[in-house]
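Chains as they are written, first to last, in the numbering used here: chain R, 16 to 368; chain G, 16 to 368; chain D, 16 to 368; chain Z, 16 to 368.
Just so you know, the hints here were simulated from the structure itself, not pulled from any lab data. All residues carry an ideal CB built from backbone N, CA and C; glycine is no exception. You may find that some hints are simply not true.
[Unchecked claim] Simulated pairs of lysine-lysine, DSS-like, Cα-Cα distance not exceeding 30 angstroms:
{"id": "1", "chain 1": "R", "residue 1": "K282", "chain 2": "G", "residue 2": "K57"}
{"id": "2", "chain 1": "D", "residue 1": "K282", "chain 2": "Z", "residue 2": "K363"}
{"id": "3", "chain 1": "R", "residue 1": "K363", "chain 2": "Z", "residue 2": "K363"}
[As the list claims (entries may be wrong)] Derived, one-sided and incomplete: chain D residues facing chain R with beta-carbon distance under 8 angstroms:
{"id": "4", "residue": "G48"}
{"id": "5", "residue": "L49"}
{"id": "6", "residue": "S68"}
{"id": "7", "residue": "T92"}
{"id": "8", "residue": "F130"}
{"id": "9", "residue": "Q158"}
Protein chains: 4
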Amino acid sequence: MSSNTFGTLFSVTTFGESHGAALGCIVDGVPAGLPLDLDALKSELARRRPGQSGMTTPRQEADAPEILSGVLNGVATGAPIAILFRNTNQHSADYDAIANLFRPGHADYAWERKFGFRDARGGGRTSGRETVARVAAGAIAKQLLARHGVTVRACALEIAGIKAQNIDWDQVERNPVRAPDAEAAVRMADAVNAAHSDHDSVGGIILCEALGLPAGLGEPVFDKLDALTAHAILSIGGVKGIEFGAGFGAAVMRGSAHNDPILPGGKFASNNAGGVLGGISNGDVFTFRCAVKPTASINRPQKTIDRDGTPAEISTPGRHDPCLVPRMVPVVEAMTAIVLADLLLLAKNSRLA
Amino acid sequence: MSSNTFGTLFSVTTFGESHGAALGCIVDGVPAGLPLDLDALKSELARRRPGQSGMTTPRQEADAPEILSGVLNGVATGAPIAILFRNTNQHSADYDAIANLFRPGHADYAWERKFGFRDARGGGRTSGRETVARVAAGAIAKQLLARHGVTVRACALEIAGIKAQNIDWDQVERNPVRAPDAEAAVRMADAVNAAHSDHDSVGGIILCEALGLPAGLGEPVFDKLDALTAHAILSIGGVKGIEFGAGFGAAVMRGSAHNDPILPGGKFASNNAGGVLGGISNGDVFTFRCAVKPTASINRPQKTIDRDGTPAEISTPGRHDPCLVPRMVPVVEAMTAIVLADLLLLAKNSRLA
Amino acid sequence: MSSNTFGTLFSVTTFGESHGAALGCIVDGVPAGLPLDLDALKSELARRRPGQSGMTTPRQEADAPEILSGVLNGVATGAPIAILFRNTNQHSADYDAIANLFRPGHADYAWERKFGFRDARGGGRTSGRETVARVAAGAIAKQLLARHGVTVRACALEIAGIKAQNIDWDQVERNPVRAPDAEAAVRMADAVNAAHSDHDSVGGIILCEALGLPAGLGEPVFDKLDALTAHAILSIGGVKGIEFGAGFGAAVMRGSAHNDPILPGGKFASNNAGGVLGGISNGDVFTFRCAVKPTASINRPQKTIDRDGTPAEISTPGRHDPCLVPRMVPVVEAMTAIVLADLLLLAKNSRLA
Amino acid sequence: MSSNTFGTLFSVTTFGESHGAALGCIVDGVPAGLPLDLDALKSELARRRPGQSGMTTPRQEADAPEILSGVLNGVATGAPIAILFRNTNQHSADYDAIANLFRPGHADYAWERKFGFRDARGGGRTSGRETVARVAAGAIAKQLLARHGVTVRACALEIAGIKAQNIDWDQVERNPVRAPDAEAAVRMADAVNAAHSDHDSVGGIILCEALGLPAGLGEPVFDKLDALTAHAILSIGGVKGIEFGAGFGAAVMRGSAHNDPILPGGKFASNNAGGVLGGISNGDVFTFRCAVKPTASINRPQKTIDRDGTPAEISTPGRHDPCLVPRMVPVVEAMTAIVLADLLLLAKNSRLA
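Assemble the whole structure, with the sequences as input and the hints as a guide.
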């Protein structure tokens, strides 16, 4: 299976570069008969769109999805659903000055070593713009999950070291950083703006949850729920770590404190497991956090080399988010939804009908 | 692709239960002509073997590998290499008393909800015993990697909250906890023993590195080096998180501090990236840490329910490691080696020959 | 892996319906640095295009390919190559009269039983129009193969029972039926026209060869060269059989006659094997034939049922080729080239570098 | 996915060489709860076993299957089922004399060109002995199919040019050639014996049918029922062609004769389609024929070269079936059953539940 495709039964293939003609995705394996809510899909895209707030790059991308196939009269036919996004607001010239330099914190150097050359018009295939295709595919996955009572949601748990003090999901879409805590959101936004003023950037932590997940999702031994989710989330550029339930905190707990007692009705007295045991969902809330690094593109001089290996200085004056977290929240939801949709379909064959 | 197989070109299929007749693996895609060093393979198995120290379960498992196919006169033929491990030291009776109870922290409940019943003779397929097959496959991967100058190594960075204060790789195999710090190793061992005396268990953190990795490994966009590694490592039972390079620490850094300056010769002034940018190795040391939860099986009463849903108490008197970390170190190395071997083969087609 | 994707390293995903907005393909795994000859690609498409001769449907399809990604300055970048074809000449109204009837010889009935409904605007996903995407992908595969000295070619060996009496490859593109025999071509064309006048259709046999194939392609045991080719060719609508080398003729031969004697230089005194032994190319010409059924859409009354199960009569007045063979020749070449390109990349890992 | 694994949800991995320690298979994706009938599995193996009649090699292979995993108390647990066959009756010495010669009609030459050397102890991985693993896996597939009312059966339609004159399935297991016609069976057996006396071999044609198949199996566009079946059947050594329904006969039919009229109740007035339209089963009997070449190993001198390229003569005195057809009948059934089981599981997700 080639590396631009993800998933076994519910599979997503993406294509396109940030400064090429278009990007898009092919979503294969959508069961025939699923009604496609195009407005809901557009709402997800709007959450990822640049320019939605002062927190994000002022680049304007229309991100108007064109459904090319697989949907008839608003309903999935069982054929692959292709969605196209034209690129319209490209400033390739922004990159001319640095076309021969490798940007620190970016894939430039590794990419050139791998492929022999690189697309210097922005990130090319490694650009965050690629995630527009993931969000579209994830929106379809979410609609399939909703038919089974499953909801996926994410938020900014921490930005620039400022932590949300409480988790109020109603707050998330009411502030530009997507924090679940209105007061912390203000301070997070201040920190993002301060970094931006310094021509610098900040990172953060995203919390993601899936509610309503039935027990029994996840395929032992290699396609565990958490293993597939880790694969999906780490495939998002800028993510440097993931932890489930108690996560790294589990490393300092004793078993007697970490084991979640099982209660009548298949409930658990705690959720250190994060809803997954032995790689299979246990019916509790599936929960994980992922670490997002500070944006690599910053408008201040940094040491690098050019393509001839000569030392040089580089700064990246383009239009970049000073913090990736707010716009990555819907991307994390999308990739999680894609994993869960796939596992939901796979689980139909766990036992004899 | 079914869920007991991992990898695209260098692929590993495992089978077997802890209390069944045997376990084993099929390693497919080993290039013909690779000499197989059986002693080296056995050495890896010895590092995973129970009973190797006071830190581990006193269970005796011979773990004698039988090579069934794919090797002729000590050399890989290009055919799939099957390796078999007979189970010999099974105490299924240990489990009779708890056959109708779900063990907290184990997959029991989720497994039964998924498959309709479970193998109550130990963990069945979810047992840590399954990793014997992974270590054997990983030993072959390591030998392939060695031909390309790549080495994988891991150690116990932290156990029960006690951190190694420095990283001296020469120390790792000289102490029973596999810590890279002789002094910390003593305190870690004490903490493990203390937990064991309390009929309890502890967790920890494993550090893993790959040295000599050429730039250019990792397949954008979904099969990134870090994404595949996360998949592989999270597929090991008991791992609750993974982070690459600066990892979760990146979340509190600014871009100016996090970006690794690029120096002449394709060197980097720091390694916050952990040797991977945009999912592709950059030629620096590939490095990650993973969180290991405290052993779920503890010999003290915990709340649970039985298969009828009635509340009950359970304690697990069997023979279990009070800390999974020391024996998981070679398993983490094995899964990492399997990923790297696969990406090494895949990378041969990155560009036109 | 989802069913609209074919191939392991060189993989092709297609999407789109005959009467939807567009069709297209994503070609993944093209090595970076391959120059893409767009004119050559368009030439392949022209060979498949309807309306190219009196032998084919008068439907006009522009079939203008738009390269959306993966190519920069005429060279493959290593990123997935997406190619788009807009649908422009759709006569959906042609199908209104028969929207509730199942067409004999078509997938209509089976499709509806599978998916619960069908796209009655032409064949939807099952339309021969889907092959435009295959030909585009195959054109890229051919260009990769050409770099390795491999050529794929096909022709109409038999139409309506009229057999080519000799194989002159120079003739193939000089007659509208793509026969390798100018004289037989005339009679074949007459037979096609006669069937068309009778509101009927005819079938035939396509011969395909790959020249210059190195020995060693094909992956034992399941992805044999012939097995993968059979998979690829039978995935083309209307193909009902395939045979390699002596094929069904081998069934009546004795071993002493069938075995190809091996000569110095790795030559063979005959080629009953069709260039493949044990699923691996042996360096001789790879050769197979496939059977093409008569076009299912004919404008004469046939027995069928409607969606309620009531008996009915149906005739299909639309614009259809009276014989699929001439336009299927480039499709057979394309699918063969895709298989060979994939196996060529896979073979780089057969033995230790 | 590596080439020793076949199938997506119901997948089979085989390993082992004819003259190594053992062969076997891993069957993954068997739904938990399926009762495994071990006697039925052994019956299938007995049908493939050498020495079962004067028609076959006198080699004695016990073919005693050992179930290593995945079955508890006679029921599939959902874990991979591993089955092991020890090799016991190896005459490697038979091959010493020809270890440096390439056998015509065998994979020897192509194999050596691919892998750099070969296992000269019999066919190694290319030996027909590998099919013991397929038959075991197929027996499990058959048992899964039986739960859904699907039966697979095959027979010798033609041997050495002698055709069965009628199809009486009750006759098949009553004669040593597995012909569906008692009278033709006698003549077929005579022809096999005559060839054997001449130190020669003969080929034939196998007919295979699946009964009770529901409409709707097969995944458009690349994993069509017939495409996957062709892949599976051509992966059996010695098969040179396959045709579905009218097959190559369709090439000389007109559409009006070939199209199967559709009758009330979703019946068809004829079955030229062979039960598959557009790659999807239509509810009629699924039927195909495959061509089997004469056994390559014959005990008479043939031209070849040695590993240095020097001309030589070779004859193969070992113990070989003079006709592969009788013992290949259960292998064809097995591979067909594996495909159908996989498609049956895949079809559960065709439409919204």
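Going down the list of hints, with the structure as the test:
Proposed proximity of K282 (chain R) and K57 (chain G) is contradicted: the alpha carbons are some 43 angstroms apart, above 30 angstroms. Proximity of K282 (chain D) to K363 (chain Z) is assessed by CA-CA distance (about 50 angstroms); at most 30 angstroms being required, the pair is judged violated. Taking the CA atoms of K363 (chain R) and K363 (chain Z), the gap is near 7 angstroms; set against the 30 angstroms cutoff, the hint holds. Hint status for G48 (chain D) relative to chain R: holds, with the closest Cβ pair at about 6 angstroms, below 8 angstroms.
The closest approach between the C-beta of L49 (chain D) and any C-beta of chain R is roughly 11 angstroms, which is over the 8 angstroms cut-off, so the hint fails. Interface hint at S68 (chain D): violated, since its Cβ lies 29 angstroms from the closest Cβ of chain R, which is beyond the 8 angstroms cut-off. A cut of 8 angstroms between beta carbons decides the hint on T92 (chain D): the least distance to chain R is about 6 angstroms, and the hint holds. The closest approach between the C-beta of F130 (chain D) and any C-beta of chain R is roughly 4 angstroms, which is under the 8 angstroms cut-off, so the hint is satisfied.
Residue-level restraint check for Q158 (chain D) is violated (minimum Cβ-Cβ distance to chain R is 17 angstroms; threshold 8 angstroms).
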